[in-house]
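Undergrad: Here is what each chain is made of, one letter per residue.
Number of protein chains: 2
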Amino acid sequence: MKITCTTRELLEAVNTVSKAVAVKPPAPILSGIFLKAEGSSLEIEANNLDIGIRTKISANTEVPGSIVVSGKYLQEMARKLSGDIVSISYDDEAKVARLQSESISFKMLALNVEEWVHIKEPEVEVSFALPAVTFKNLIRKTVYACAHDESRPMFTGCLLQIDGNKITMVGTNTHRIAIMHETVADNLGEMSYIIPSKALGELARLADDSGDNNVTIRCSSKDIDFTFDNVYIKTRLLSGDFPPFEKVIPKEAITTVRVDTMDLLAAIDRVGLISRETDYKTIRFAIDKEGLHLSSTSPDIGNAEESIMAAIEGEDIDIAFNVNYLIEALKVIDTKICVIKLSGRLKPADIREADRDDFIYIVTPIRTN
Amino acid sequence: MKITCTTRELLEAVNTVSKAVAVKPPAPILSGIFLKAEGSSLEIEANNLDIGIRTKISANTEVPGSIVVSGKYLQEMARKLSGDIVSISYDDEAKVARLQSESISFKMLALNVEEWVHIKEPEVEVSFALPAVTFKNLIRKTVYACAHDESRPMFTGCLLQIDGNKITMVGTNTHRIAIMHETVADNLGEMSYIIPSKALGELARLADDSGDNNVTIRCSSKDIDFTFDNVYIKTRLLSGDFPPFEKVIPKEAITTVRVDTMDLLAAIDRVGLISRETDYKTIRFAIDKEGLHLSSTSPDIGNAEESIMAAIEGEDIDIAFNVNYLIEALKVIDTKICVIKLSGRLKPADIREADRDDFIYIVTPIRTN
Numbered sequence: 050m051k052i053t054c055t056t057r058e059l060l061e062a063v064n065t066v067s068k069a070v071a072v073k074p075p076a077p078i079l080s081g082i083f084l085k086a087e088g089s090s091l092e093i094e095a096n097n098l099d100i101g102i103r104t105k106i107s108a109n110t111e112v113p114g115s116i117v118v119s120g121k122y123l124q125e126m127a128r129k130l131s132g133d134i135v136s137i138s139y140d141d142e143a144k145v146a147r148l149q150s151e152s153i154s155f156k157m158l159a160l161n162v163e164e165w166v167h168i169k170e171p172e173v174e175v176s177f178a179l180p181a182v183t184f185k186n187l188i189r190k191t192v193y194a195c196a197h198d199e200s201r202p203m204f205t206g207c208l209l210q211i212d213g214n215k216i217t218m219v220g221t222n223t224h225r226i227a228i229m230h231e232t233v234a235d236n237l238g239e240m241s242y243i244i245p246s247k248a249l250g251e252l253a254r255l256a257d258d259s260g261d262n263n264v265t266i267r268c269s270s271k272d273i274d275f276t277f278d279n280v281y282i283k284t285r286l287l288s289g290d291f292p293p294f295e296k297v298i299p300k301e302a303i304t305t306v307r308v309d310t311m312d313l314l315a316a317i318d319r320v321g322l323i324s325r326e327t328d329y330k331t332i333r334f335a336i337d338k339e340g341l342h343l344s345s346t347s348p349d350i351g352n353a354e355e356s357i358m359a360a361i362e363g364e365d366i367d368i369a370f371n372v373n374y375l376i377e378a379l380k381v382i383d384t385k386i387c388v389i390k391l392s393g394r395l396k397p398a399d400i401r402e403a404d405r406d407d408f409i410y411i412v413t414p415i416r417t418n
Numbered sequence: 050m051k052i053t054c055t056t057r058e059l060l061e062a063v064n065t066v067s068k069a070v071a072v073k074p075p076a077p078i079l080s081g082i083f084l085k086a087e088g089s090s091l092e093i094e095a096n097n098l099d100i101g102i103r104t105k106i107s108a109n110t111e112v113p114g115s116i117v118v119s120g121k122y123l124q125e126m127a128r129k130l131s132g133d134i135v136s137i138s139y140d141d142e143a144k145v146a147r148l149q150s151e152s153i154s155f156k157m158l159a160l161n162v163e164e165w166v167h168i169k170e171p172e173v174e175v176s177f178a179l180p181a182v183t184f185k186n187l188i189r190k191t192v193y194a195c196a197h198d199e200s201r202p203m204f205t206g207c208l209l210q211i212d213g214n215k216i217t218m219v220g221t222n223t224h225r226i227a228i229m230h231e232t233v234a235d236n237l238g239e240m241s242y243i244i245p246s247k248a249l250g251e252l253a254r255l256a257d258d259s260g261d262n263n264v265t266i267r268c269s270s271k272d273i274d275f276t277f278d279n280v281y282i283k284t285r286l287l288s289g290d291f292p293p294f295e296k297v298i299p300k301e302a303i304t305t306v307r308v309d310t311m312d313l314l315a316a317i318d319r320v321g322l323i324s325r326e327t328d329y330k331t332i333r334f335a336i337d338k339e340g341l342h343l344s345s346t347s348p349d350i351g352n353a354e355e356s357i358m359a360a361i362e363g364e365d366i367d368i369a370f371n372v373n374y375l376i377e378a379l380k381v382i383d384t385k386i387c388v389i390k391l392s393g394r395l396k397p398a399d400i401r402e403a404d405r406d407d408f409i410y411i412v413t414p415i416r417t418n
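Residue numbers (our numbering), protein chains in the order written: chain A, 50 to 418; chain B, 50 to 418.
Source of the hints: derived by calculation from the structure; they are not laboratory data.
It is possible that part of the hints are untrue.
Repeated chains share a single entry, so a pair holds when one copy, or any two copies, can fit it.
[Claimed, not checked] Mimicking DSSO-like on lysine-lysine, the simulated pairs with C-alpha atoms at most 27 Å apart in a straight line are:
no.	residue 1	residue 2
1	296	338
2	144	73
3	68	338
4	396	144
5	129	385
6	330	129
7	338	51
8	300	73
9	144	330
As the structure is a prediction and not an experimental result, all values here were calculated from the model.
Just chain A, same shape as in the assembly (with noise of 0.2 Å):
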């Protein structure tokens, strides 16, 4: 293999699959980043198993072929070359490959091309588009809400529902749930899947969401592919019955508060500073016709007090949460003033944006005394 590409081309494209590239691999194989040189282009790709990257860029093709070298050293060398042009061979006998640029030549040890695992396209039941926009939308509402234990593995994931021309998103860990509703210009057909966060957060991550570009996604029972830009990425589906997330929205509210999203994030943020000492990261809210009063406290610390001003409809009301729940939700509400609806200081509580129901976030208090 001898190809010349772009320094800037190569590094974002290894910058792009590096997620994919397994960190502490059952087999050294796994560490590595694949490389295959062919015509115009060279194509690029990771696989730790869970999550498959592949992207392609153009190069000028010397000599066509396929290596596999190191993906955290392919990616350290990378940064550090110096010129605007790579050139990338390899060495049958030695079975090293070169990376030159300008003055700069990095030889790397090569692993066994034939042992690598390349990524299993899945045998396509299902296909559609949606907008990239549309898509990273209900993941950056969501995706946080997933849990990161692994003891229940279809909470690690986001539900993709899809009713005709209505897309929903639901990520939870049981203690709170987040909901996005979007709708799309073509009926879709009906489906669900469980989609891990990882692939997710990577295809948020990639995704160029300006303009009308489109997210190809393509299912069988078992995975799912997303095809955007030059970028392909493949992950199992997760197996599971999600809960039924609709009967867990509140039907009515005793107390309705309505408040600057911003103020509050900030002042959760300072009165957290004592709740995320303690084990329970515990924030109390007192909720009566004056406002909003936070307060959080620790035996070994001390205790932390802001009132905020609100407007508050119904019963006053003393309920407390997970401080760091209410902060993730807030940062994802795009409106000015959020309203939090609460039926009671055992009962999960509703928040949405102003004037919107495409956003929904249900969590559950914190029994204190």
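We have chain A; now place chain B onto it with these hints.
TA: What follows is chain B alone, placed relative to chain A:
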């Protein structure tokens, strides 16, 4: 105690003393910050026994008094305050200090002020002043060369040697030595001290070197203190016989290299990508009439090579160094061109700024096959 002051000044003062707050203290009181309100000022002091720092800000005292509170939380709370003015008050009965600014109120459990260990000022034997700009430059050019391990405590500090109007500072970890000479207007007599590098680092961080600012220095046989602007720093002196550093400066060179400082630094950074992953951090220089050929090798990764242009006088030579020792020295070289003098492949190299002899860096090569 009850005072008001500006939030900005409080935060600056807390940041100033913060490095003297003990992180894992043998006694809890050492993790505190001492505040003393009196007249129109608030004194702020931290003392981890290795280093003590004190500063003062203007304040409106309603009730004079002293308290000790957690340094960590005072700093975090001061950062979070929302208004321009903060009031600090102490509730004697509850033993709680309160910070209030606009609508936010923090309460902190206070530590026992009776247990506070005040900074013990040295019994002054000698006192003199140095321009802040001179002192900071002496520190910048040498302090990174000190040892970090405490096995020979003397080398965790820099030697400050005063001979009339000549000031010399020296830092070494025995594998390399950085020497910086400055001259001052006054004849200061003859003396020498070994000052812990942590205190010098704080001095360099905090002293304002604009204009004609001076640092006043007072010493006993055991302790030294520094006063500048509103800041007071005190530390122990290190004892020991510093090696005669003038003797390690090579007398003659067989090869002299004149090279662009930034080009060399960038090339070493690139080639060093490989060295940094190896045990000895070895970078090789092959020097011949054509220039400087840098290389490094790791049996697990591969190798890197780069050639840069340089003006060479004398014999061809192969020599190897610790890559970090070169990078640290080149980073403090202020001239476009630097000069490297070599006396043999196993003899110390001498690195200086072109056409200047105030900074001298001597580094021992690594023996290679």
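Undergrad: Taking 27 Å as the upper bound on the Cα-Cα distance, should residue 296 and residue 338 be classified as within, between, both, or neither?
TA: Close neither inside one copy (30 Å) nor across copies (80 Å); limit 27 Å.
Undergrad: Under a CA distance limit of 27 Å, which applies to residue 144 and residue 73: within one copy, between copies, both, or neither?
TA: For residue 144 and residue 73, the Cα distance is within 27 Å only inside one copy (23 Å; across copies 50 Å).
Undergrad: Measure nothing new, just compare the shortest in-copy and cross-copy C-alpha distances for residue 330 and residue 129 to 27 Å and report within, between, both or neither.
TA: Between copies, since 17 Å is at most 27 Å while 42 Å is not.
Undergrad: At most 27 Å between alpha carbons: which applies to residue 300 and residue 73, within, between, both or neither?
TA: Neither. Shortest intra-copy (47 Å) and inter-copy (51 Å) distances fail the 27 Å Cα cut-off.
Undergrad: Reference check for the pair residue 396 and residue 144, CA-CA at most 27 Å: within, between, both, or neither?
TA: Neither. Shortest intra-copy (64 Å) and inter-copy (37 Å) distances fail the 27 Å Cα cut-off.
Undergrad: Within, between, both or neither: how does the pair residue 144, residue 330 come out at a Cα-Cα threshold of 27 Å?
TA: between (54 Å within a copy, 24 Å between copies)
Undergrad: When no copy is specified for residue 129 and residue 385, does a C-alpha distance of 27 Å or less occur within a copy, between copies, both, or neither?
TA: For residue 129 and residue 385, the Cα distance is within 27 Å only across copies (22 Å; inside one copy 44 Å).
Undergrad: Could you figure out if residue 68 and residue 338 sit no more than 27 Å apart (CA to CA) within one copy, between two copies, both or neither?
TA: neither (50 Å within a copy, 45 Å between copies)
Undergrad: Between the shortest in-copy and the shortest cross-copy C-alpha distance, which are at most 27 Å for residue 338 and residue 51: within, between, both, or neither?
TA: neither (74 Å within a copy, 32 Å between copies)
Comparing the model with each earlier hint shows violations of hints 1, 3, 4, 7, 8; every other hint is respected.
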